[in-house]
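*Asks:* Residue numbers (my numbering), protein chains in the order written: chain A, 1 to 152; chain B, 153 to 398.
For the record, the hints were derived by calculation from the structure and aren't laboratory data. There may be inaccurate statements among the hints.
Cross-link-like lysine-lysine pairs, in silico, DSS-like; alpha carbons within 25 Å at most [unchecked claim]:
#1 Lys69/A to Lys84/A
#2 Lys26/A to Lys50/A
#3 Lys316/B to Lys59/A
#4 Lys234/B to Lys53/A
#5 Lys234/B to Lys59/A
#6 Lys228/B to Lys92/A
#7 Lys53/A to Lys228/B
#8 Lys59/A to Lys84/A
The residues making up each chain are set out below.
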Amino acid sequence: MQEIYEISDRFIEAGDANELLYEPLKEGLTFRRTRRYEIDFDGDKKAVKKFVKETLLDKISQEFHKGEKPALSDSAFFVEYGMKPGALDLEKEAILTYYRGIEEPGFTINDLKIRQRIYVFGKAADEKVSDKFVRDICNRAIHNWSVIQGNV
Amino acid sequence: MEERPCAVLLKFPGTNCDEETARALEEVGFVTEVIPISALKATSLVGVSLVVLPGGFSYGDYVQSGRLAKLVTEQKIGDTLKEFRDNGGYLLGICNGFQILTQLGLLPEGSLVENASGRYQCHWVKLDKQCATSPFLTHLPDQFEFPIAHAEGRLVTATPEEAKAYRESGAAALTYTDEVNGSFEQIAGLQDESGRVFGLMPHPERFMNAADHYDPDWQSGVDGETSRGSGYYLFRSLFESVTSSN
Numbered sequence: 001m002q003e004i005y006e007i008s009d010r011f012i013e014a015g016d017a018n019e020l021l022y023e024p025l026k027e028g029l030t031f032r033r034t035r036r037y038e039i040d041f042d043g044d045k046k047a048v049k050k051f052v053k054e055t056l057l058d059k060i061s062q063e064f065h066k067g068e069k070p071a072l073s074d075s076a077f078f079v080e081y082g083m084k085p086g087a088l089d090l091e092k093e094a095i096l097t098y099y100r101g102i103e104e105p106g107f108t109i110n111d112l113k114i115r116q117r118i119y120v121f122g123k124a125a126d127e128k129v130s131d132k133f134v135r136d137i138c139n140r141a142i143h144n145w146s147v148i149q150g151n152v
Numbered sequence: 153m154e155e156r157p158c159a160v161l162l163k164f165p166g167t168n169c170d171e172e173t174a175r176a177l178e179e180v181g182f183v184t185e186v187i188p189i190s191a192l193k194a195t196s197l198v199g200v201s202l203v204v205l206p207g208g209f210s211y212g213d214y215v216q217s218g219r220l221a222k223l224v225t226e227q228k229i230g231d232t233l234k235e236f237r238d239n240g241g242y243l244l245g246i247c248n249g250f251q252i253l254t255q256l257g258l259l260p261e262g263s264l265v266e267n268a269s270g271r272y273q274c275h276w277v278k279l280d281k282q283c284a285t286s287p288f289l290t291h292l293p294d295q296f297e298f299p300i301a302h303a304e305g306r307l308v309t310a311t312p313e314e315a316k317a318y319r320e321s322g323a324a325a326l327t328y329t330d331e332v333n334g335s336f337e338q339i340a341g342l343q344d345e346s347g348r349v350f351g352l353m354p355h356p357e358r359f360m361n362a363a364d365h366y367d368p369d370w371q372s373g374v375d376g377e378t379s380r381g382s383g384y385y386l387f388r389s390l391f392e393s394v395t396s397s398n
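One chain only, chain A, in its complex shape (with noise of 0.2 Å):
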């Protein structure tokens, strides 16, 4: 089985996208960033939705979205980015530490993918704007990406 859970900020506005680029834009475009979490695992549904709100979520200055719809709409565009398959991921590997520890969790976890996604707003001059985006975030060495167009 697997879910999909989003993680989005309350409190931190749109940053101006071009602290981003090496070559800045002229468009104005904003952008913010979420964390996506993908959990292929076996057991209890409802354990991994606790374990992934007291582990992943902090109550007071996030939100949380479940399933595969982008948590922000509106967006020109989002770059969604994370470690390849065999790359060593710690942020994924101090997660599942952590759950390692815990006396029956009520699930196993079989894989864990981290995504990060930069959502951009506003009106980017053409569809190779994104590519821009992606020179200058991802390391080919390292990140897989991809890019989805008009999230509106």
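Dock chain B against chain A, hints included.
*Replies:* What follows is chain B alone, placed relative to chain A:
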């Protein structure tokens, strides 16, 4: 021979201010022991007067700063820190330690999130003492300076009214004089109801001597002393509070 109170510093993977914090504590009179989280047991705090969570980047700030440190601490020792506080113990969290204390629920409810600037900030700040009776602040003047160095130091509460209430009640024992990182009510440090648990984003251990200040002519003006920095007076206040309550 007078027995010196013992302070334990908890060290997580990524904690990097433990040595200078231990040195600061020893300078004011504590005996210190740095305990790696892997070696921490509930019995580690027997005979200890103060637990310090020093600054750094525990677990690489993965998930959220302080989150994994909180989870691992609870996994290792359950509610021992709460029991330690309830039994009269003191807890101090500096920077990442403040984030961990907040996550552990040992301070009034709040969360430390990314600075409003979206950037890591490393500079000096002016601070206002809001609670003159705080055991951590008694020897400090009403206004003083400390350095900050953090990316996630913006204190937020579920509603802005909660932060306002913290300021009115004195729970927000320390505030920035100016807008620094977007913290609600410009809160720089929080204390719990007992006053024995205190967390702050600035680094007092980095200002133990007047010579640490950016102005070479700076003097504290406290007690006619010229060579001490403001950080010394925070740790000195704490030492006197601990020894008077032992």
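*Asks:* Hint by hint, where does the structure go against what was stated? Just the numbers, ascending.
*Replies:* Failing hints, ascending: 2, 8.
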